[in-house]
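Undergrad: If you want the building blocks of each chain, they are given just below.
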Amino acid sequence: MNAILAIIRRDLLLAMRRKSEVLTALFFFIIVVSLFPLGIGPETALLRKIAPGILWVAALLATMLGLSRLFAPDHADGTLEQMVLAPSPLGLLVTGKIIAHWITTGLPLVLLAPVLGIQFDLDSGALGVLMIALLIGTPLLSLIGAIGAALTLGVRGGGVLLSLLVLPLYVPALIFGAGAVEAHISGLGAGGHLSLLAALLALAVFFAPWATTAALRIALE
Amino acid sequence: MLTATGLSCVRGERCLFSGLDLAVGPGEWLHVQGENGAGKTSLLRILASLSPPAEGEIHWKNAPIRTLAEDYHRDMLFLGHHGAVKEELTPFENLTLAAKLDGAPLDETAALKALARFGLRGREDLAVRFLSAGQKRRVLLARLAVRQATLWILDEPFTALDVKAVDMLSGLIEEHVKAGGICILTSHQSMPLPNGRVLKI
Amino acid sequence: MNWESPAAFFAMGGYGLYVWGSFGVCAVLMIVEPILASKRRNDILRSLRRERIAENLEQP
Amino acid sequence: MSNNKIIHWFKYASPQSFYPLAGKLIPWFWGLTAVFLIPGLWITFFAAPTDAQQGEGYRIIFIHVPAAWMSMFIYIVMAAWAGLGLALNTRLSGMMAQGLAPTGAIMAFVSLWTGAFWGKPMWGAWWVWDARLTSALILFFLYIGFIALQAAIDDARRADKAGAILALVGVVNVPIIYFSVKWWNTLHQGASVSLTKAPTMAATMLWGMLLMALAFWMYSIAVALTRVRAIILEREAHTEWVKELDEVKA
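Chains as they are written, first to last, in my numbering: chain F, 1398 to 1618; chain G, 34 to 234; chain B, 20 to 79; chain Y, 133 to 382.
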């Protein structure tokens, strides 16, 4: 447990020291979302309908941006070797890194989303559902993304390959996440979608650190 | 006591070495020598359990390291080509965070003392990126001094060190070995340390 | 037998484009794939043979 | 007795003994492909009657459905080989997974292509966001990802292991993706006509589909074995046994 906290603290400290990386992903999210009304037109009924999908796709892409940097710096400076050789299980340390990644990329998206939702004329109920869906969904994105980041570590053309591997796996998160908001807007209730999203998160919490750990060991061999 | 029997290592299609045996006991140190590409680094990474050998088995205190896993990691300290030093963090942060990961938190005075010992006094709070290559390596040496591990596996520890730091490091290794520790290292320089055994691959 | 004439067979009751478009692409892929797979093996065999000849040349 | 069998199996798990075995098996699988394909095609085009609703266009499903089945089945087999390779560290498993992937990708592509060519006359659109079509598309992406990852890693053993993890992650995800797309589809009231719910599957049709599926299956084995033989040679190029092969000496 101490090891997890140490890793989280270290990664947050590092994120503070290179703020520009975190802010870039955040502004990317803001800009992509703001571009859609310009391309589609200001008709509020249409915007309200497409808002959940656009916010979620933008969140997927913003998460992808920082993903290739999840393990790469640690790999380059030898920290990853020390993590593998640490006396605590690698799975725990990896979980710590994933949590830190979520705090620096996922959590800001959750907090920003309602502000951007207002641009699309979503009402307060829908904004609340959007926030809850992102709160459950963005950790899922970080967990699945970590597997891809570990698999493409130090590989030729890793960044592009990473999106090819990870984006198809993001489909269920996208469907249930955006679906929750849509269901709420159309009056069906978001409960079903949210609980399925939570079930996926529970599955990923068990499975993803294991797969990531195995992939990291292979990358270091 | 670290023993290895019948180790072989394959990289790509090439077999780097095979049938390699070694045994290093407490109070001993081993100098691994060989030409470039002979597999010195590969051997050390295998001994550190970072990569599995193609054949053979490694035992630490009579138990195979495969099964020991974290227990082995606790007794062992590995320094690779890359220093595992974060450029954005200060020497002090690097040292204390590494100690926390090693499961042996360091109090402030001990950390500052270790840094001062390696001539980093006054640079504790400067990001490592502003330090020279030699000073970066000294941050590593400070880690070596505070980490409680019986077995040291050091890959080219003398690289980029000035004469003074080389003396400090050899002193550190000598101290460690005298206290019953084990050290396995590679180096291009002839070692300024007495009583070492040499393994040529 | 369903078909009165070869022309009727190829017309597929007006669905000719779709039926032959499907079967055609499927057939092409299934003919090309084994050819490529055995070409891959022949290529490596050829380079192995060349290596062998080169080795034998060195000896005398 | 049973002990003997185990030894026997492990013997064939080495590339050296599998290479000639595969060479002997390939012609047999091509033969079986022909045995199933010829009556299958005969039923497809001649024995199966014209469908009352879909006319002659429904004959596409005789290749569409087997291709879709094979694309899913091959992915599962690939993941099984991958898991075996991770667990037992056998060299052949990774080669098998690598040999199967392109065939699986082609099957997924054929099922997408024929799906589109069936959909155009039946639904009036080349592409419909139907649950099956969408998950077939994602399965195709997963195959491409697997092939791209293996191609990007130079070290063959690392490529095998990384591919194995990806295949295992994929095989867990395929059903999740399928059900999520299905759920999404019903929510949006998408296409209600299903490709396989062809009206009243007559016995001849079932036979035709079965024969075609068997033909596709045998074809996949034959091609994958051919590719595995090439992969074995590429990876073991500098071993003694490869140098002693008749093909190399000739």
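Source of the hints: derived by calculation from the structure; they are not laboratory data.
Even glycine gets a Cβ: it sits at the ideal position worked out from N, Cα and C.
Among these hints, one or two may not hold up.
Claimed, not checked - Which residues of chain F face chain Y? A partial, calculated answer using Cβ under 7 Å:
no., residue
1, Met1398
2, Leu1402
3, Ile1405
4, Leu1409
5, Leu1548
6, Gly1551
7, Arg1553
8, Gly1554
9, Leu1558
10, Ile1572
11, Ala1608
12, Ala1611
13, Ala1612
14, Leu1617
What the hints assert, rightly or not - Taking lysine to any residue pairs in the SDA-like style, the calculated list, with each CA pair at most 25 Å apart, reads:
no., chain 1, residue 1, chain 2, residue 2
15, G, Lys169, F, Gly1555
16, Y, Lys314, F, Ala1412
17, G, Lys133, G, Arg154
18, F, Lys1446, Y, Trp373
19, Y, Lys314, F, Ile1405
20, Y, Lys314, F, Gly1589
21, Y, Lys314, Y, Leu153
22, Y, Lys314, F, Leu1411
23, G, Lys133, F, Ser1592
24, G, Lys169, F, Leu1411
25, Y, Lys314, F, Ala1595
26, Y, Lys375, G, Leu49
27, B, Lys58, Y, Val260
28, Y, Lys314, F, Ala1580
29, B, Lys58, Y, Glu368
30, Y, Lys252, B, Trp22
31, B, Lys58, Y, Lys252
32, Y, Lys375, B, Glu70
Undergrad: Work down the list of hints and note, for each, if the structure agrees.
TA: Verification of the hints:
1. Met1398: violated, 27 Å
2. Leu1402: violated, 28 Å
3. Ile1405: violated, 24 Å
4. Leu1409: violated, 28 Å
5. Leu1548: holds, 5 Å
6. Gly1551: violated, 9 Å
7. Arg1553: With a closest approach of 5 Å, the Arg1553 of chain F hint holds.
8. Gly1554: Hint holds; Gly1554 of chain F Cβ to chain Y Cβ min 6 Å, cut 7 Å.
9. Leu1558: holds, 6 Å
10. Ile1572: holds, 5 Å
11. Ala1608: OK, holds: Ala1608 of chain F within 7 Å of chain Y, min 5 Å.
12. Ala1611: holds, 6 Å
13. Ala1612: holds, 5 Å
14. Leu1617: Cβ of Leu1617 of chain F sits 10 Å from chain Y, so the hint is violated.
15. G:Lys169 / F:Gly1555: With Cα atoms ~29 Å apart, Lys169 of chain G and Gly1555 of chain F exceed 25 Å; violated.
16. Y:Lys314 / F:Ala1412: violated, 39 Å
17. G:Lys133 / G:Arg154: Satisfied, since the Cα-Cα distance of roughly 22 Å is no more than 25 Å.
18. F:Lys1446 / Y:Trp373: Judged against 25 Å, a Cα distance of about 65 Å means the pair is violated.
19. Y:Lys314 / F:Ile1405: violated, 38 Å
20. Y:Lys314 / F:Gly1589: The hint holds at about 14 Å.
21. Y:Lys314 / Y:Leu153: Violated, because 43 Å separates the two Cα atoms, which is more than 25 Å.
22. Y:Lys314 / F:Leu1411: Not OK: Lys314 of chain Y and Leu1411 of chain F at ~42 Å, beyond 25 Å, violated.
23. G:Lys133 / F:Ser1592: At roughly 37 Å apart (the allowed maximum being 25 Å), Ser1592 of chain F and Lys133 of chain G break the hint.
24. G:Lys169 / F:Leu1411: holds, 18 Å
25. Y:Lys314 / F:Ala1595: holds, 18 Å
26. Y:Lys375 / G:Leu49: holds, 21 Å
27. B:Lys58 / Y:Val260: Violated, at about 37 Å.
28. Y:Lys314 / F:Ala1580: holds, 16 Å
29. B:Lys58 / Y:Glu368: holds, 18 Å
30. Y:Lys252 / B:Trp22: Measuring from Cα to Cα gives roughly 24 Å; hence the hint holds.
31. B:Lys58 / Y:Lys252: Violated, because 36 Å separates the two Cα atoms, which is more than 25 Å.
32. Y:Lys375 / B:Glu70: Within the cut-off at roughly 10 Å; holds.
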